[in-house]
Every structure is written in structure tokens, then in C-alpha cells.
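Keeping the supplied structure of chain X fixed, place chain Y upon it in accordance with the hints.
2 protein chains.
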Amino acid sequence: MIITTKFGGSSLADADHFRKVKAILEKDPARRYIVVSAPGKRNHDDIKVTDLLYSLYDAAEKGGDTESLLQAIYDRYLELVKDLDLTFDLGAEIDTIRRSLVKPEKEYLASRGEYLNAKLMSLYLGWPMVDCSLFVTFDDHHLLDGPATYQKGSDLLKGLEHAVVPGFYGADKSGIIRVFSRGGSDITGSIVSRCVGADLYENWTDVNGMLTADPRIVSDPKTIETISYQELRELAYMGASVLHEDALAPIRQAGIPVNIRNTNQPDEPGTMILASDTDCRGHLITGIAGKKGLSNIQLDKDLMNEEVGFGAKVLSILASHGVPYEHTPTSIDTMSVLVETADLEKEREAILEELKEALHPDRICIEDHIALAAIVGKNMARHPGLAAKVLQVVADAGINVRMIDVSFSEVNMILAVDEKNYEKTITAIYNGLQEYL
Amino acid sequence: MIITTKFGGSSLADADHFRKVKAILEKDPARRYIVVSAPGKRNHDDIKVTDLLYSLYDAAEKGGDTESLLQAIYDRYLELVKDLDLTFDLGAEIDTIRRSLVKPEKEYLASRGEYLNAKLMSLYLGWPMVDCSLFVTFDDHHLLDGPATYQKGSDLLKGLEHAVVPGFYGADKSGIIRVFSRGGSDITGSIVSRCVGADLYENWTDVNGMLTADPRIVSDPKTIETISYQELRELAYMGASVLHEDALAPIRQAGIPVNIRNTNQPDEPGTMILASDTDCRGHLITGIAGKKGLSNIQLDKDLMNEEVGFGAKVLSILASHGVPYEHTPTSIDTMSVLVETADLEKEREAILEELKEALHPDRICIEDHIALAAIVGKNMARHPGLAAKVLQVVADAGINVRMIDVSFSEVNMILAVDEKNYEKTITAIYNGLQEYL
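Chains X and Y, in that order, give the protein sequences.
Start counting the first sequence at 121; every next residue gets the next number (the working numbering).
Start counting the second sequence at 121; every next residue gets the next number (the working numbering).
So here's chain X without its partners, still in its complex pose:
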């Protein structure tokens, strides 16, 4: 049994958290590898080390005050060194960073938060550090080169009983440091899991897992116990995010489950992201999510259904403007295309004109302020009355459903409502279907 762990910035913000991490690692000897983020906020008004580093880059570029930023970074790590009673030449590390400012490299600087944190964690645990720039490889398009990364990572890590790996960055073929987008240490955790052939990837953060609904709308929502990759993708797409979206690919291919855990409540089981979509564990409804800011492009045309290719033309015109569509429910003489208003914005008039020209609809209009609510649960299909129940609780709340889309995949049920009814809809569904969550 091999477990890879990844600890986020809030789990590594201070010495207390380092101690919690050590206790977690010691509790299960299968936890042999740890990927670390840069130190996060210690309190609400604190600044993340990575943000200090980006500010440092800006200051260096614009001739600003780099010294006070270097001092702030030094102070953050010095606190850790002192509190953890480590022997570490922090000054030399900061000097290296200072010297690089002559010709500042944004991604290199951004990566130093994880780099230094891994150094300290390595000293604190007495585990060797393996710099991720030695195996996380970016290609010429600045994208992860999976095959090269997995090969080099396996070669480096598999022989080690333990390792501390900084997250977030890697290097391109000429050795220049490249970073993932923010939160990218999740990806490093996935990569390490895959490289060492882990049985489980534990992603330690500051929440008890994914929530079944948005806590800003529903008070104290339940935690999701188990979720499939596909359900996670559906919920993440609807704004319920817990992992970096690119973190799934490496482990999905390898069939490695992920456990979202809380560093501050290590006895909580967290959320288990199942390795297989055929695993039937879980509740009928896994989670509820949604988003606002959608627009409905509605085309009406008499005898539309006799015009083969009508729908294809509509979607092609949207695609040619780079506008993805969410759903396209149709009726016999009506076609709706739901898109994100933000995607439409600059192209709105051009798209309307092109649609008119190409399709001669009797009527075309764009209605904004539409919201989507998604009820996600791969087991929903096993309970035919559930969709009825969802619609009933929404109806009971006096909300008019503008569109319903339940696809053959049956992993979810999507409702469109007027934006002003969005929170009310989510609340009605959550409260009305608690027993299934």
C-alpha cells in the first residue's frame, strides 16, 4: 500500500500546521510521499507567499521596492525555521532569489514558495527532497509532457522509501522553470501518485471534503462521502471546485482514487473520489451546484424540423465565434441554445446577424439572466421518482422551470431558471431532497 499526500498552503501556513502534517504522516506508514504547496495565509489578512513572490516579480520589473518584499518572504520562512527548531541557511536561499532579480523570471520566482517549503519539510521530516523540476516536464506549448514526466518521475521516486516534493512547478526541455496555473500543486500530487504507482492520493486541505451544496446559499451543507470522476467534473463545471481541474487526468488514467482530507480534522473521512465510474457507492444525489450568467439564444421558425442541418448550422456559427454551448433543447419549430453570457458578449450582434442571414428564423432573440441548477448523482437513474421529486420541490417553491435537460448518461439533471430564482432553487432542492444526499 502506497499513499501519496499533498498538503495545501493553508495546511502549511505555520509551524503548528507542520506538526499536524508530521502527525498525519506518522500515523500511517503507507504515507510515503508528500507534495507541498507554498505557505498560505495564517489569518484572514495574511498574504500568501506565492502572492508575495508575484509582487516581488512586479517590483523587480518596475523598479519597485524589492527589498521589503524579500524581507517579508524571509520573515515568513524564518518563523517556520525558528518555531520548528531547524538548522537552515535561509539567508543564502534569499540571496539566490535576490540575485535572480537582475533578470527577473516570473515563473521561476513564483515557484520559490513551494521550493523553500519543501526544503523545510524535508529537514523537518528527515525525508529526502526531490525537486519537481527534475521530472515535471513542460513541452513547447507550455503544457505538461505526460509521458516524459511519468517516466522520469518513476525513475527518480520509485527507489525512495520517502520523498518530499515541491508542487506547482516543473521545467521545460531547456531547464527553464515553468509553473501550472494557481492551485497546480494538486496536479503535482497526481503526477507523483502516478509515478510511484500509489494506491491512494490524499489531498489534504482545510475543509472536510467537497460539500453537497454551496455553503454561501445553503447553511452547513453535508459533506460528500464518495464521488465519481464524472460527478466531480459535473459539479466542478458548475462551480463547486475542490481540486485543480487538470489534476484528474494523470490519476484517472491510472485508476487512482483521491481522498480529500482536512489537516485540521484528520479523523474526518473526507470525500473519496472513486477510481472507477462503475463503483456504485454513494448516495442517490451526490451534490447540487449551479451557475448564473447564462443567456438563451432562441430561434423560432415555422417548419424548422423539416430543415435538415438547421441545428448544425446554428452550432457551427456559434463555434466559429468561439462560443461553446451548454445545452440546446429543441421543440418542433423552436431551438434554444444556452450559452454563457460572458462568452457571447463581444460577439452578440455579429452572431445574431449571422444566424439571421444563414437561417432566416421567423423570430430570434437572446434572453439573459438565466441560471442553471445541476443535481448530480450517478445513482439517480436507479430511482425513477427522483426527477419527479426534484421538480415537485421546485414547483412547491413557486419557481418556474424554464428548461429541463436529463441526458442518457443520467449522471445529472439540469434545470434552467430565471437568475433571480437561483438561490431559491438551490435551497428548495437541497432542503427538499436532504434524505437522498
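Treat the hints loosely; a few may be bogus.
Identical copies look the same in the list; a pair holds intra-copy or inter-copy alike.
Claimed, not checked - Taking lysine-lysine pairs in the DSS-like style, the calculated list, with each CA pair at most 30 Å apart, reads:
#1 Lys272 - Lys421
#2 Lys433 - Lys411
#3 Lys466 - Lys342
Because the hints were derived from the structure by calculation, they are not lab data.
Here is chain Y on its own, set in the frame of chain X:
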């Protein structure tokens, strides 16, 4: 107030029916124009005059026994002439038809059923006959030339207090007789209604109107009292047909309502097809219909939703093979396209190959034996709980719903179920929602 009437073949099958027609016309002096079909079946084993005429054409083409067919046609009309006590040189009319057989013209022959029936009705009522070939004009593509038809028809008919017009046929610009597809007298009725500026088009047939469900599935379904054009189109598309589908265009543009009536029960109000889609008369559910024989093309691809243009490509490939789609529900990494299996048949393998080549799905498959059930009602949107109720009664019947599509037009709700559950689904919905029908 001007009412145009059209009587179908079963309403004109014998002298008794001619008498019923006369009584109906005399009951309301606003009924000033009548369009007639050819005589239909007098009993289950009878042959429609139009079918005799098509057989006559075939016999003439293949050197078969034309005389016995001419005799059968003669006998049908002779019975009417005798029973109605008319003075009419039927022999001369049959001779004209016989002479044409030297160089048989299929459409001319097919049109003689309506032509002769209009002659008899004209004599019987004492109303002038206006041959539809004088104004119903076909263009070079064998399609109705609306503007020419309406202009000529208005000129001919508007000055007449009464007129009898044969249905089903017209003439092209060189005077050659052309016919609509079977049931096309409905179109002639619409044309005459439009030409005379009718306030109402009464379409007299042998049923009390459109039924709320298929009587082969549901026993003794209620009659639809009022229905909008759009609802009618939705139901007709799902197989619940009562009017020729091309009969709606002329009157829809002119805003003329249609009343489907029963010649044998003239006191029944029948079904009123409303002139305006904004007319809110009617029940919450107008009708339930559906069809079998659908296939689901299912494409799964990881990160599909990030590929702008995916859906457009899929539908374009289908359109290039002439395959229209019914619905295309999507999930984040899944796209379903519902098509008629019959449309797919010859192209199945080619389409699969093209989709694979163009889109590289992780998985693609076609599932046959899908059925659709449509619950149609323009007022459904006013009752948010109705969709819930529909799903509940279907769930209570133990039927798994494979897809739900409710569009922004909100005129209908479409469910996909396995074909084997089709009748059960229709019955469950009809019985469970009787109160709304």
C-alpha cells in the same frame, strides 16, 4: 361571417351522407362554400374511388382490364345519382375518362373522383361548381404556388354567394392536372378559406375531433376541445394526425381557425384549432402522443466540454447524411443525439466511421429501440408542478426515463423511454393526468 366547409371521403360515401351534408350546410347560412373529397368507403371492405382510379391508371399502363374498373367507378356514382334523384349524364363523364386512357395521365385520373363528386354535389345543392384547376396553381417544382392561387381563387370565388369546389387537385401553368399527396383536399379547404377570407374553416370528417391520446393504446380517450397550431404541429409530428400537414400553412398565415367536426354527429363541438398561439383557451395538457423507432447516438469523450465546436461537428456530419435529429441532450463529457432509426439505417456505418474520425470519442455507440412520449400543452408552463406529476406517474409505473427535454418554448415535455415501455408510459401519463386533459 363566412364559413368554408370541407367534407372528407367518408362523409361523402353515399346518398345518406350527402343528405347529412346538405342538412349541415342548411343549418348555418354562413356555410357558403364546400370543398369535397372523392367518395370514400361505405363499409370496411369497400374501395375508395380514388383507389379505383389509381388502379385504372395502372391497368391502362400495363394493358390490364380497364373496363371493369370503369364500370366499378360508374356504379359508385350511379348509386349516388339514383339515390339522390339527380339528372346527370354520368355515361358521358365516364366516356371522357375512357378516352383519356389512350395516353393515361396518372394525376388527371386521380383527380376525377373529386371532380365527379363536386359535379354531383353541385347538382344536389343547386350551388355552382368552381373547378379547382381554375385557380389552384402548381409551380414547376410541383409545389403549390400560393400567391397565384390566392389571387385567382379570390377573383373567382369572392363574387359567388355559394360554391362547390372539388379538393385534392389543381393545374400547373400549362394546364396539366396536378394533385397534392393523399388527403390533400384538406389543403384545398384551407386555400378556399383563405381566398374567400373565411372566418372559420370547418373540416368535416368521421371522428369527433382530435383525440387526447392514441385510441389503440388508451381506451376511449377524451377529445381535444381547443388546440393551437403549434400544439397541433407537435402532436402531428408525434403521429397524432387529423389534418393534412400542409393544410395549415395557408390558414395560419391568414389567422383562420379550423374546426374539426363529425358529419355523423354534427351537434358535437369537435376540436377547434385556434388561430392564434396566444389564445390561452384549453386545458393544461392538450394531448399526449409519441413514437417508437428511435436510436440514440451516444458519444463520450473526456473533456468534451472544452472542445468548442464538438456538437456542431456531430450535427453537421448527421446533416451531411441527410439525417435530421430529434433531440440532443448533453452532459459535460457526453452528447446524445436522438434520430429516427429509419433515417439512420443505410448510413449507420458511414456515420459511425465519420464521427470517430472527426471527433475521436472515447466511446461511441448507437442504441436502438428508443421511444419518445410527448406531453403537449401550451398552458403547461403556467403550472410548474405538472412536469413533476408527469415524472411521478411514470416512475410509479416502474418505468425508467432515459431522457427528458423540456425546452424554453415550454409547449411540451418530451420523455425518452425504452421502446418496450412505450405503451405503458402513454397509459400511465394519460391515466395519471386525466384531470389536466
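Verification of the hints:
In this homomeric assembly, Lys272 and Lys421 come within 30 Å of each other (Cα to Cα) only across copies, at 28 Å, whereas the closest approach inside a single copy is 58 Å. Proximity of Lys433 to Lys411 under the C-alpha cut-off of 30 Å is found in both arrangements, the shortest distances being 27 Å within a copy and 26 Å between copies. With identical chains, the CA atoms of Lys466 and Lys342 are never at most 30 Å apart, being 40 Å at best within one copy and 51 Å at best between copies.
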